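Asks: If you want the building blocks of each chain, they are given just below.
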Amino acid sequence: MTPLSYYLIFSALLFSIGFAGAVTRRNAIVVLIGIELMLNAANINFIAFWRFGPNAEAMTGIMFVIFSIAIAAAEAAVGLALIIAIYRHCKTANVDKLDTLQG
Amino acid sequence: MPSEIAFFTFAGLTLISAIAAMTMRNLVYCGLCSAAAFAGIAAIYLQLSAEFVGFAQFLVYVGAIAILIVFTVLLTRGTDIKPTVAIVSRGWIAGVVIAGLVFASISVPVFMSATLWRTAPPEVAAPVEMIGLELMTRYILPLEAIGLLLTVALIGAVVIAMREKPAESIEPEVTDLEENSTPAPRFDVSSLEVKS
Amino acid sequence: MTKLDQIFVSTKHWLVGLAPEMLQSLASILLSIIPIMAVFGGCFAVTTILERKGLGRIQNRFGPNRVGPFGFLQPMADGIKMLTKEDIVPFQSDKVMHFLAPIVLTVPIWLAFSVLPFGRNMVAVDFNAGILFFFAAGAASELAVFMAGWASQNKYSLMGAMRAMAQMISYEVPLVLSAIPVIMIAGSLSLPQIVEAQAGYGAGWFPQWHVFTPWGLAGFGLFLVAATAESNRSPFDLPEGESELIAGFLTEYSGFKYALFFLGEYLGLFAISGLAVTLFLGGWHAPLPILEWLPSWFWFFVKFASLIAAFIWVRGTMPRLRMDQLLNLSWKFLVPLAVLNLFVTAVWHFSSNWQSFGGLAARWLMCGGLLAAAYVLLGRSLSRGQGTPRKYTYAE
Numbered sequence: 001m002t003p004l005s006y007y008l009i010f011s012a013l014l015f016s017i018g019f020a021g022a023v024t025r026r027n028a029i030v031v032l033i034g035i036e037l038m039l040n041a042a043n044i045n046f047i048a049f050w051r052f053g054p055n056a057e058a059m060t061g062i063m064f065v066i067f068s069i070a071i072a073a074a075e076a077a078v079g080l081a082l083i084i085a086i087y088r089h090c091k092t093a094n095v096d097k098l099d100t101l102q103g
Numbered sequence: 104m105p106s107e108i109a110f111f112t113f114a115g116l117t118l119i120s121a122i123a124a125m126t127m128r129n130l131v132y133c134g135l136c137s138a139a140a141f142a143g144i145a146a147i148y149l150q151l152s153a154e155f156v157g158f159a160q161f162l163v164y165v166g167a168i169a170i171l172i173v174f175t176v177l178l179t180r181g182t183d184i185k186p187t188v189a190i191v192s193r194g195w196i197a198g199v200v201i202a203g204l205v206f207a208s209i210s211v212p213v214f215m216s217a218t219l220w221r222t223a224p225p226e227v228a229a230p231v232e233m234i235g236l237e238l239m240t241r242y243i244l245p246l247e248a249i250g251l252l253l254t255v256a257l258i259g260a261v262v263i264a265m266r267e268k269p270a271e272s273i274e275p276e277v278t279d280l281e282e283n284s285t286p287a288p289r290f291d292v293s294s295l296e297v298k299s
Numbered sequence: 300m301t302k303l304d305q306i307f308v309s310t311k312h313w314l315v316g317l318a319p320e321m322l323q324s325l326a327s328i329l330l331s332i333i334p335i336m337a338v339f340g341g342c343f344a345v346t347t348i349l350e351r352k353g354l355g356r357i358q359n360r361f362g363p364n365r366v367g368p369f370g371f372l373q374p375m376a377d378g379i380k381m382l383t384k385e386d387i388v389p390f391q392s393d394k395v396m397h398f399l400a401p402i403v404l405t406v407p408i409w410l411a412f413s414v415l416p417f418g419r420n421m422v423a424v425d426f427n428a429g430i431l432f433f434f435a436a437g438a439a440s441e442l443a444v445f446m447a448g449w450a451s452q453n454k455y456s457l458m459g460a461m462r463a464m465a466q467m468i469s470y471e472v473p474l475v476l477s478a479i480p481v482i483m484i485a486g487s488l489s490l491p492q493i494v495e496a497q498a499g500y501g502a503g504w505f506p507q508w509h510v511f512t513p514w515g516l517a518g519f520g521l522f523l524v525a526a527t528a529e530s531n532r533s534p535f536d537l538p539e540g541e542s543e544l545i546a547g548f549l550t551e552y553s554g555f556k557y558a559l560f561f562l563g564e565y566l567g568l569f570a571i572s573g574l575a576v577t578l579f580l581g582g583w584h585a586p587l588p589i590l591e592w593l594p595s596w597f598w599f600f601v602k603f604a605s606l607i608a609a610f611i612w613v614r615g616t617m618p619r620l621r622m623d624q625l626l627n628l629s630w631k632f633l634v635p636l637a638v639l640n641l642f643v644t645a646v647w648h649f650s651s652n653w654q655s656f657g658g659l660a661a662r663w664l665m666c667g668g669l670l671a672a673a674y675v676l677l678g679r680s681l682s683r684g685q686g687t688p689r690k691y692t693y694a695e
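Residue numbers (this note's numbering), protein chains in the order written: chain D, 1 to 103; chain S, 104 to 299; chain C, 300 to 695.
Wrong hints could be hidden among the right ones.
Output of the computed footprint for chain S on chain C, the stretches with three or more beta carbons under 8 Å from beta carbons of chain S [stated by the list, open to error]:
1) 350 to 357
2) 649 to 658
Here are a few chain S residues that face chain C, going by a calculated C-beta distance under 8 Å [to be verified]:
3) 161
4) 173
5) 211
6) 212
7) 214
Keep in mind the hints are simulated off the structure, nothing from the lab.
Treat the numbers as computed from the prediction; the structure is a model and nothing was measured.
No residue lacks a Cβ here, since even glycine has one placed at the ideal position from N, Cα and C.
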């Protein structure tokens, strides 16, 4: 059987990849993908701890992930709508160029 | 052993697609690779015997979010679907180093801990009936809140992405062909581009 | 009688028993997959010829009648033609994605068949959340359509793909919403249990299929309309409208890849018809008690074939919609009606102990009246302004 730590290492790797992408990439859409990957990495931890934990029939991990997926859907919809609105306004989706508030 | 093979296959595929999604130059590839990564994560859920969550993950992420991402890529192109300038910000090395540190700070405790190397209890199931009952009893308040949140997000996304009304009302340009006829409201491709 | 009913199941068990101990699970898997692929692959061939014949009949012409007796070997000729044709990949196209798109389209649709119960004990995998699996498998085809349209690097392909995606996303909502009442009443997401919930006969002869209730009838109608749109069939075949988009995302495909798209389209239709039979038409149950001696898989395929025939009929009868009409129909008509149907189903469920004659009549009148009123009101608001003569800007 696969031990629990494999899943934790896997999710840590996924989180770091998403994090690196989110902080380094210039395009807002890729930044959003990175954020989604980080969210998914957290979800994997929830499911893994549910599966390996002593209290599986309480299903707390499952519930958390279901709510998390719903919130991720809402977040992606609003985030992408924001990107489209910003693109219409500034003609770019490059987050480095959106520095109007920097003064 | 079969479960380990499955885990390493899906985990490897997910990680490769995630790296590709974060490093590809072409944004459409980024979107499609992220879809592959989400599908791999759904497979990991199935391997962890969380059936319902796995299917929901696939339905929501591959069926909806990935589609939204590629739609947005196509709607915001025109400038940089295949960017020729650098795709990463200045100082990206710092970002990668911080990400490496994050990974180290999570993985070192995992390697040190003895209790985390245990294997799973043999039989764990999350039948859909139980999930439904839990949602309707213990988690009814979060469920209602999620319903409200989704409604707000739906309306909000529509309002944000709606075309802004231009400040001066633009009359449809009268061409030679329709000089003497009343301009009928019609779908005009050129009006989609808002003058900024 | 039960022997004939279980003939496929017992044959499979017998064949699995012949395999060596080590390979029995593998043999069991293969013996579930191969018959499904063979039967529905055969259905694909038969449906193409019957559809062309039927459309010909509707349009007052013969249809294919040259190859074999009455033209019934036409699918084989078509298959050979498709396989031997040159596979053209446009120079500008994205080669990898152009190659991957038909595969990504076809494979998940095959997966969807694995949860459909084709007869008593005849289901490949009985998932706890089977219907969710079905919809999840169907969700992957949208990305495949996008890949096909984008990889072709052709504006018609891209427009067709965008149309297809907008259409599929819009119609997935009423499709799933119209399936939810069945889950509410059956109390399960497992398709065999949903079929089980429709067993038995009211008053000794009246089949208790979901379609014979007000919410079930409305749900069935909504489901069929949404299913037609989901499988890109006429009158919702705008993504490949040949007169305006020269076949949309299929423009740059030829040879075997085109055949795969064609196959995927028909398999999607079969899968969703199978789901409609399972959810609303009682699955493999016989319509009357005296007909129970016929095997269960026979009844499944009879219902399945009649649904396919209905789809062919609709294709031959209805003109194509306009894009705005298509999206309006989904968001302003089907989705509100499906949400109301959820409420009506709840009313139906909570009035299930009104079993006296007056109670039954009140139950039927209340649920049916609500749905009929909503149907009339929504339909009128949808068709407002449609009756006025159209004004043509350029063509007078």
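Asks: Confirm or reject each hint.
Replies: Going down the list of hints, with the structure as the test:
Figure legend: the segment 350 to 357 of chain C, annotated as covered by chain S; annotation inconsistent (0 residues with Cβ-Cβ distances under 8 Å, at least 3 required). Residue count for the segment 649 to 658 of chain C with a Cβ under 8 Å from a Cβ of chain S: 0. That is fewer than the three needed, and the coverage hint is violated. Hint status for residue 161 (chain S) relative to chain C: holds, with the closest Cβ pair at about 4 Å, below 8 Å. With a cut of 8 Å, the hint placing residue 173 (chain S) at the interface with chain C holds, because the nearest CB-to-CB distance is about 6 Å.
The beta carbon of residue 211 (chain S) is not positioned within 8 Å of any beta carbon in chain C (closest approach about 37 Å), and the interface hint is therefore violated. A cut of 8 Å between beta carbons decides the hint on residue 212 (chain S): the least distance to chain C is about 35 Å, and the hint is violated. The interface hint given for residue 214 (chain S) is broken, as the beta carbon of that residue sits about 35 Å from the closest beta carbon of chain C, more than 8 Å.
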